[in-house]
Amino acid sequence: MKVVYFAWVRERIGKAEENVDPPPAVRTVADLIGWLTQRGEQYAHAFETPRVIRAAIDHAHVKPETAIAGAREIAFFPPMTGG
Amino acid sequence: MKVVYFAWVRERIGKAEENVDPPPAVRTVADLIGWLTQRGEQYAHAFETPRVIRAAIDHAHVKPETAIAGAREIAFFPPMTGG
Amino acid sequence: MSVPVTIRLQEADFDTAREIAALTKGRTDIGAVVTFSGICRGGEGGDAIAALTLEHYPGMAEAEIGRHAEEALSRWPLTGLTIIHRYGRIVPGENIVLVVTASSHRQAAFQAAEFLMDYLKTHAPFWKREESAAGTSWVDATSHDDAAAARWAKS
Amino acid sequence: MSVPVTIRLQEADFDTAREIAALTKGRTDIGAVVTFSGICRGGEGGDAIAALTLEHYPGMAEAEIGRHAEEALSRWPLTGLTIIHRYGRIVPGENIVLVVTASSHRQAAFQAAEFLMDYLKTHAPFWKREESAAGTSWVDATSHDDAAAARWAKS
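Chains as they are written, first to last, in my numbering: chain E, 1 to 83; chain F, 1 to 83; chain Z, 1 to 155; chain W, 1 to 155.
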């Protein structure tokens, strides 16, 4: 499963994308954030305030409780500031 | 006192402007419409539905009950359709 | 600081890009520019229109638009405002009216432009006459436009 | 009849007049064109900004803007719609975003443009980073923009 990061989430983690293979117990977007947080200080820093983290699966916004099964690409990023 | 007409009010009366000298009893815009209506068929036709006639005194919109004393120029026209 | 306000009544067409540039050139305090262009349509409902002729009340038109421009400036924090209204004969596809509003934030620019258009429609002394195959006729005012203008009234 | 919809993400600047012309040329069914131009300001509050850098999520940005364009077309009777969003480094005074809406009537054009801007601000995957004398920092999202977007939610 490909995970991509943007803006300060990307900067804190120190990479723009990576492939991950979480265990089956990681079922939702929130689970995946929790699992990533265990991977190191830079992840813990990026996800330290889960409330402000936005997620998308395959280019569509999703909620923390959305299941990740079947996702090709999951994105994490801060609230958007376009326009 | 100068009176000016626009759009179909102008067309019905058959002139764009004229000078009039109403008697002192003609005190308001509505009075002036009534007085003009007596002046001929074309005026009666122009003012046959007073409800739709709009008026301005010296370039500002006024209501039928507005006094005409001191006016330099009084305009009568249909509802506006600009923009 | 005075806000640049341009009001023009003219027979000639206008250039929207030039009017935007005039309001924004050399400035870095403008975050939002809204333009509204009103264009002559070829038909309302079923009948094809060959042209519109716009009659206006010279002097009052400038005064009335100027009053509404002042009101817009007092209600929204604009950094610039341009209003151009054409008169004379206008064929379908041609511009009739342009409103450009500039502000640091988008809501002010949008609201001021809508306010000005609603007031131009109902309060500016212009009258449209349509030419079609059936002859010429004056365009009726719509209660819809009156309602649009009424929503800006202060209670 | 299909409605012309243009969505572009690009580093280059855009030409508002050309985009208006592209939506209106040769047509006589358009009565109203609204444009919104979002421009980079030189400072928010006290600090002078040297530039903004816009990061975006390629693929999702197009998809998300496309979904909102479709929603705008379903909610308002538009005759054309153009959305251009720049990315990369942008200095004060330069354009960031353009929305152009065309319709036979002005309310649809105004409302669709406002709707699209409110959604672009809060849902399109773009992030602004500011450069100033103090260094660079990511721009925070504002609750004001969230509230502006929320007013379009269907009950």
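Don't read these hints as lab results, they were simulated from the structure. It should be emphasised that the depicted structure is a prediction, and the values quoted were computed from it without experimental measurement. A portion of the hints provided could be inaccurate.
With a straight-line cut-off of 25 angstroms between C-alpha atoms, the simulated BS3-like cross-links for lysine-lysine are [what the hints assert, rightly or not]:
id : chain 1 : residue 1 : chain 2 : residue 2
1  : F       : Lys63     : F       : Lys15
2  : Z       : Lys25     : F       : Lys63
3  : W       : Lys25     : E       : Lys63
4  : E       : Lys63     : E       : Lys2
To list a few chain W residues with every Cβ distance to chain Z over 10 angstroms, as calculated [as the list claims (entries may be wrong)]:
id : residue
5  : Gly38
6  : Gly43
7  : Gly93
8  : Glu131
9  : Gly135
10 : Lys154
Glycine residues also receive a C-beta, built at the ideal position from the N, C-alpha and C atoms.
Here is how each hint holds up against the structure:
1. Lys63(F) to Lys15(F): Status holds; Cα separation ~23 angstroms.
2. Lys25(Z) to Lys63(F): 43 angstroms, violated
3. Lys25(W) to Lys63(E): 43 angstroms, violated
4. Lys63(E) to Lys2(E): Between lysine 63(E) and lysine 2(E) the Cα gap is close to 18 angstroms, so the pair holds against 25 angstroms.
5. Gly38: 6 angstroms, violated
6. Gly43: Glycine 43(W) is in fact no farther than 10 angstroms from some Cβ atom of chain Z, at 8 angstroms.
7. Gly93: At roughly 5 angstroms from the nearest Cβ of chain Z, glycine 93(W) sits no farther out than 10 angstroms, so the non-interface label is violated.
8. Glu131: Since the minimum Cβ distance to chain Z is about 14 angstroms, glutamate 131(W) lies beyond 10 angstroms and the statement holds.
9. Gly135: 20 angstroms, holds
10. Lys154: Check passes; 21 angstroms lies beyond 10 angstroms.
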